[in-house]
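Generate the whole structure from the sequences, applying the supplied hints.
Residue strings, one per chain:
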Amino acid sequence: MSIKFLLLPILFFAFSEQACCQDSTDMMNQLINQSEKDKIHYAENTFKYTRVVDGHSVENLHKQVLDVRISHRFDPINSGIYNFFGLDVAVMRLGFDYGISNNFMIGVGHSVYQKTYDGFFKWRILRQSTGAVNMPITLSFVPTIAVNTLRQFDSVKTSFQDRVSSVFQLLIARKFSETFSLQLMPTFIHADRISFNHIKQNIVAIGIAGTQKVSKRMNVNVEYYYQLPEDQAPGAHNVLSLGIDLGTGGHVFQLHFTNSLGMTEKSFISETPGQWSKGDIMFGFNISRVFQLGNIRKRIGKRKNS
Amino acid sequence: MMHKMILLLMLLAFQNINADGQVYYTKNGNVSFFSKTVLENIDAENNQVISVLNTETGALQFSLLNNAFHFPKAKMESDFNEDYMESDKYPRSSFKGTITNLSDVNFNKDGSYPVKVNGDLTVHGVTKNISAPGTIVIKDGNVSATSSFKVLVSDYKIKIPSIVSNKIGESIEVKVACDYQKK
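Protein chains in written order, with numbering that gives the first Met the number 0: chain C, 0 to 305; chain P, 0 to 182.
The set of hints was computed from the structure by calculation and includes no laboratory data.
Possibly wrong hints are sitting among the right ones.
Unchecked claim - Using 27 Å as the maximum straight-line C-alpha spacing, the simulated BS3-like pairs for lysine-lysine come out as follows:
no. : chain 1 : residue 1 : chain 2 : residue 2
1   : C       : K38       : P       : K35
2   : C       : K212      : P       : K35
3   : P       : K181      : P       : K74
4   : P       : K26       : P       : K95
5   : P       : K74       : C       : K62
6   : C       : K215      : P       : K35
7   : P       : K35       : C       : K36
So this is what it looks like as structure tokens:
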């Protein structure tokens with residue numbers, strides 16, 4: 000009898016012991032759930048780099064990061080053995096991109112092709128996220144200006160206006176899974192007067208691009224731009240590019256096959272003479288190296304002090 | 000006599016129930032780590048660590064989001080999350096353990112108390128039992144805790160490609176600092 004009475008408080012002991020530990024685990028879970036709700040989880044790495052192949056992806060450079068990009072494009076493979084299947088002739092674009100903030104980057108470049116200077120900015124307006132903010136897509140705005148500085152025949156008078164072209168793009172992207180993302184690119188082009196025999200100066204196009212991660216360091220990309228047939232210049236075809244991204248730790252390599260020689264938006268979207276079906280396929284590769292200018296963590300120090 | 004004893008035990012039991020209130024927590028604890036090699040020093044800091052400390056049982060828990068670690072270089076941050084921690088797959092790292100010499104700490108008296116902590120550390124989906132020394136500081140009734148210990152990258156199946164292996168140390172020094180508040 001008395002033993003039973005003794006057992007009772009011991010049972011109490013046991014239960015209260017359990018209750019207390021359960022209590023702190025419960026509290027832990029509660030705190031974790033709360034923080035998950037309060038935090039915004041952004042979709043990282045919708046695309047691997049800031050370019051799909053030639054055109055922009057929704058990825059931005061981080062704040063204070065400088066990206067030096069050297070893009071090469073060889074002659075068509077169908078130019079035969081005399082040209083070593085295109086590798087004897089190469090054009091390139093040298094570009095410098097810089098992240099002003101995590102959502103705003105700028106860039107300038109010079110292409111050998113049509114001696115073109117170009118400049119752009121990319122502004123990420125919406126960012127795909129879950130958690131405290133639920134956003135299904137990432138949306139960016141990219142305007143590009145390019146100037147063709149090729150010398151013209153003396154008989155043809157060209158003003159600066161004749162040489163300038165501008166391209167306005169919206170990038171709408173969604174990361175569907177850890178490995179697969181799609182992007183749509185409604186595009187408006189105002190072409191210059193000397194680069195190509197455009198009948199219409201204003202061209203509307205829509206692009207579609209996708210990326211599939213195949214390993215930690217490799218992505219496969221596809222990019223295609225469709226021009227409205229009534230806007231399309233005679234002799235210009237739609238551009239299709241296939242590429243792979245290779246990250247090696249320090250450098251990034253992007254290797255691709257495309258039917259376009261130009262590497263600025265206006266050139267490859269609206270002035271591509273080549274056709275895949277005729278074998279006008281060009282090999283190209285981009286090399287990119289990023290440099291961090293300044294320590295990004297200074298902002299943490301500030302946050303701590305405030 | 001027996002009745003008195005039962006009463007005493009009852010009292011003890013109730014006292015223990017009351018003690019459940021002795022739970023301290025923080026939502027912005029600090030965990031940093033440091034890796035030193037000939038080529039590059041890597042340090043990262045996370046200021047959003049969740050921790051719960053039960054001063055009655057010595058139960059101690061931590062949880063943090065891997066992608067809340069901040070590095071001096073943006074590239075280090077993305078490499079850390081993508082290549083090493085695989086933060087998409089394993090978003091959190093956690094620790095669940097106890098203070099083994101709890102009786103040495105007087106939570107009602109100001110002072111600095113060295114403690115030993117033992118428990119399970121889960122990183123990159125791998126759970127390992129670890130022991131670490133720490134210090135609990137009581138000042139004006141406020142509880143704070145610090146600790147410093149080393150973890151081996153290979154213990155947690157974190158693969159470092161040979162191309163960068165000379166940039167990342169095999170052993171990583173982890174520091175913990177939390178200011179707790181009462182529940």
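For each hint, the structure was consulted:
With a CA separation close to 31 Å, the supplied pair C:K38 and P:K35 exceeds the 27 Å bound. A threshold of 27 Å between alpha carbons decides the hint, and for C:K212 with P:K35 the separation of about 32 Å lies outside it, so the pair is violated. Simply put, P:K181 and P:K74 have alpha-carbon atoms about 38 Å apart, too far for the 27 Å limit, and the pair is violated. Using a Cα cut-off of 27 Å, the hinted pair P:K26 and P:K95 holds, with the two alpha carbons roughly 16 Å apart.
For the given pair, P:K74 sits about 11 Å from C:K62 by alpha-carbon distance, which is consistent with the 27 Å threshold. Proposed proximity of C:K215 and P:K35 is supported: the alpha carbons are some 25 Å apart, at most 27 Å. With a C-alpha separation of about 35 Å, the suggested pairing of P:K35 with C:K36 is violated against the 27 Å cut-off.
In summary, the numbered hints that this structure violates are 1, 2, 3, 7.
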